[in-house]
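**Q** Residues 373 to 488, numbered by the working numbering, are exactly what the sequence shown covers, in order.
Among the hints, erroneous ones may be present.
To be verified - Each pair of labels, with its calculated beta carbon distance range:
#1 Cys453 <-> Pro389: 16 to 22 angstroms
#2 Lys473 <-> Val393: 36 to 42 angstroms
#3 Phe477 <-> Val393: 30 to 36 angstroms
#4 Asp383 <-> Thr408: 16 to 22 angstroms
#5 Gly417 <-> Pro389: 33 to 39 angstroms
#6 Gly461 <-> Arg380: 17 to 23 angstroms
#7 Gly414 <-> Arg458: 47 to 53 angstroms
#8 Asp484 <-> Asn388: 16 to 22 angstroms
#9 Val455 <-> Gly398: 17 to 23 angstroms
Calculated directly from the structure, the hints in this document are not laboratory data. Just so you know, even glycine gets a beta-carbon here, dropped at the ideal spot from N, CA and C.
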Amino acid sequence: MGTMSIERLHDLFDENPNKDVLAWPGICHDCGKEMTVTAVPGEAGIQIEGGSVYEPSQNGFYLKCPECFAKDGVLRNYQNCEVYSRVVGYLRPVSQWNDAKAAEFTDRGLFDASLG
């Protein structure tokens, strides 16, 4: 698994047309130091400052500070979250569902109680 691709950065800017800067605040995956990675489009391309960003899943981003990235550019020691949900009356890991039930799960929406 590598850092986020330039194509994905362009997609993120296309998805957020009102933003001139994309920022990922957080902590370094390896050393735990607080940091912010920024991406700014310019005439010479997208300038990335503050470290590197990894997107191993749709659930979020992982960050590495420049020092840790220089030591090892590969994201290691992360654990994917096991998601359970109810199917046919009992809880089961979503990763073990058949293709049809997995497709139904991706079509589900989140309920937002604050909307009333």
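**Q** Give a verdict on every hint.
**A** These are the hints, each one checked on the structure:
For Cys453 and Pro389, the Cβ-Cβ distance of about 31 angstroms falls outside the hinted range of 16 to 22 angstroms, so the restraint is violated. Our hint of 36 to 42 angstroms for Lys473 and Val393 holds, since their Cβ atoms are close to 40 angstroms apart. Between Phe477 and Val393 the C-beta distance comes to about 34 angstroms, which sits within the given range of 30 to 36 angstroms. At roughly 21 angstroms, the beta-carbon separation of Asp383 and Thr408 lies within the given 16 to 22 angstroms, and the hint holds.
For Gly417 paired with Pro389, a C-beta distance near 18 angstroms fails the hint of 33 to 39 angstroms. At about 39 angstroms, the beta-carbon gap between Gly461 and Arg380 misses the expected band of 17 to 23 angstroms. A beta carbon spacing of about 48 angstroms between Gly414 and Arg458 agrees with the range 47 to 53 angstroms that was offered as a hint. Distance hint check for Asp484 and Asn388: the Cβ-Cβ separation is about 21 angstroms, which falls inside the suggested range of 16 to 22 angstroms.
The hinted window of 17 to 23 angstroms between Val455 and Gly398 holds, with their beta carbons roughly 22 angstroms apart.
Checked against the numbered hints listed earlier, the structure breaks hints 1, 5 and 6; every other hint is satisfied.
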